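Visitor: Chain by chain, the residues run as shown.
2 protein chains.
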Amino acid sequence: MAVQSVEVDASTTNPLPVDLGPATALSCRECGERFELGPIFACSSCFGPLEVAYDLPLGDADALRKQIEAGPDNIWRYAPLLPVPADVASKPSLNPGFTKLVKADNLARELGVTGGLYVKDDSGNPTHSFKDRVVAIAVEAARAFGFTTLSCSSTGNLAGAVGAAAARAGFRSCVFIPHDLEQGKVVMASVYGGDLVGIEGNYDDVNRFCSELIGDPLGEGWGFVNVNLRPYYGEGSKTLAYEICEQLGWEIPDQLVIPIASGSQLTKIDKGLKELIALGLVEDKPYKIFGAQAEGCSPVSAAFKAGHDVVRPQKPNTIAKSLAIGNPADGPYVLDIARRTGGAVEDVNDEQVVESIKLLAETEGIFAETAGGVTVGVTKKLIEAGLLDPSLTTVVLNTGDGLKTLEAVAPTTGQSAVIRPNLDSFREAGLA
Amino acid sequence: MAVQSVEVDASTTNPLPVDLGPATALSCRECGERFELGPIFACSSCFGPLEVAYDLPLGDADALRKQIEAGPDNIWRYAPLLPVPADVASKPSLNPGFTKLVKADNLARELGVTGGLYVKDDSGNPTHSFKDRVVAIAVEAARAFGFTTLSCSSTGNLAGAVGAAAARAGFRSCVFIPHDLEQGKVVMASVYGGDLVGIEGNYDDVNRFCSELIGDPLGEGWGFVNVNLRPYYGEGSKTLAYEICEQLGWEIPDQLVIPIASGSQLTKIDKGLKELIALGLVEDKPYKIFGAQAEGCSPVSAAFKAGHDVVRPQKPNTIAKSLAIGNPADGPYVLDIARRTGGAVEDVNDEQVVESIKLLAETEGIFAETAGGVTVGVTKKLIEAGLLDPSLTTVVLNTGDGLKTLEAVAPTTGQSAVIRPNLDSFREAGLA
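From first to last, the protein sequence lines are chains E and P. For the first sequence, position 207 (counting from the first letter as 1) is numbered 207 according to UniProt numbering, and the numbering increases by one without interruption. For the second sequence, position 375 (counting from the first letter as 1) is numbered 375 according to UniProt numbering, and the numbering increases by one without interruption.
These are computed hints drawn from the structure, not numbers from a lab. Some clues are possibly wrong.
Treat identical chains as interchangeable: a pair holds within one or across any two.
Pairs of lysine to any residue, SDA-like flavour, derived with a Cα cap of 25 Å [said to hold, decoys possible]:
no., residue 1, residue 2
1, 91, 116
2, 91, 251
3, 103, 90
4, 91, 105
5, 274, 306
6, 103, 148
7, 274, 262
8, 91, 73
9, 91, 250
10, 103, 172
11, 103, 73
Fair warning: this is a prediction, and the values are worked out from it, not measured in the lab.
Work out the full structure, taking the sequences as your base and the hints as a guide.
Guide: Structure representation (structure tokens):
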């Protein structure tokens, strides 16, 4: 795969000025080398991942807080902290974000949490997962770089998010999936009218194909949200940190429980919290970040428990398919954050995932996808192990919607009884 | 079925003072007789339907507008105009509402609308349909009347909304459905932990059974949201009118296109608009209300076209199952409103419903349930017929989520191509 990169001084490759607001450059997370803003994702010196560097509006925190609070009820209220132009809110977008932070008192009683338990419920996004956040940012980068086609490799959720965002924003979309996905995911991903291409192979094959396509003339003008636009895309997860703190009255919670797929979301939430502190929008205080995995795909949890700095890849086998990345790119960074903040990484088995989906539904009326079952289940396990302090404020993420993973709970839900349409039959059922 | 009713002066049946905020009584829509607030739904004199009467905060419109704007981002910002106690926002609820009003410029171009086209997208509610609004109000009535079990008859969507709301609000739930619903709907309705009872029979049988249960000691303490709590429940739809006007900068749109099932939603939106005018929150101006049905269940549309005042029942046969009420209770009121405001009632066939779901998805990235296909399709048809003026501001309702009616679009969506994981194979597919 050809790694494309441009050094800051080489201004020839991108003749148009790129306006991505406070974003000033891309910077290598490993060696720190800086590159001009562009559709690149790996350092040309050390092959490390690139992330967005900013010129953040340090200074008058009160004025910034007021500006944010007066902004729209979506992620664009945080435009001054994101790689997007200042007028982003006026462009066609699905406008995700500002989802509910639900005070989960019923669940807190079940888990014995006394310090305040909250569920950040991202099933309220336009296509019902947190992916709408990251895709919305990638769309703005795609606009800035002059791309006309939006693309991605996906196992389903991201495909729908990209298809929907592209339709609204006026891009063509062409999305790649393993050819044998469940029909429901295929329907949702294709209803937005873009091209949906099935690849004969597994998700790794799809990924490899996309990397090939980026280096080929066939892929010219294509923005792959999770490949050549990945540095921008990832920044969308920072908005989860911003919203949680603003919704808590501009306070950082003591503890956060975050699902781990690639690990990107967890690292960006940590980045977002640090930015809020640096900007003076919240008071500096310690916080603990906990990572949550499914036992059937728990490379980061395994490394955490073994005290390793590196993550040994696993072959995923879990119902939590949206978290089933066996070789998570940001695994080492996650380990570092969990250890530095005094958190932990834990996993639960599929049975516990299902139990936890039902526990959240039965206590708070929130029907989470399997990833939400993972975070709730891990929260319970961490409390029982004494690793998560129930007397402290805790925020648990639900990143998706149970309607998309019905098959996970189908075997253990259903009708309590089937009766004839009369009172005697109902009486016999013993449910009155 | 026993009709329970209590006259205003007979204060013995309900010894506890009922605090439902500005709601003062129930009033018969046919003969005007008034009854004390209670779990009743039909007039004891003429058997007409009861609706909530209010003591609305007439007077300082600016102060009321400010109070609303400072309220929570959900339907409780309108608490002064709803049958709920003033402290409703502090009670456990799914807190539905304040969903997006999407400026649909792409769809407007497709339909030739130049006066501003908006989609009120209620798929953003907690269980992804407008039912969360009506159920949330019914829950407050159930609290006020001391009920401990929440119930309803349902073909799926309402069952989920009641199950979720009951779980969060601390009620037991026991919901009745036809026993042979699709598995997906059964899973969603049962995941919240309440009882879900399948009835051997069709939806009419389920309804009849619920009416029997209300009159029996077995049903004591049970609030049926769409039967004995129906007058309160229905008021939830007023919030759609409030939100649309507030989101348009406190202006009434010129034209609204609303789906018709029982017809209740349409009549309550009209009621809400009239209240906003009476309160001085919006300027008084003419507006036209259009009703939308599926051809396979179009009793109101048929009556409108034939110039009738009454609605002849039909046997439903359409993919728009959430609208498939063959004998709509509020049909005559809908006819009256459409004629009085200069609107119309129209219907589209199932093929047009599917085309319209896809048109909305492809232009705005909104994946609507079949009812949304009905309103978009009817809008197109009304413009072509010269009945809806494309130069005026128009709001089209999408009341639910495409994820719940995947089967409607499944036959005509899918993968554009299936390829081997290499560039040659992609090139041959002709999609680059």
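Visitor: Going through the numbered hints above, which ones does this structure break? Give me the numbers in ascending order.
Guide: Structure breaks hint 5 only.
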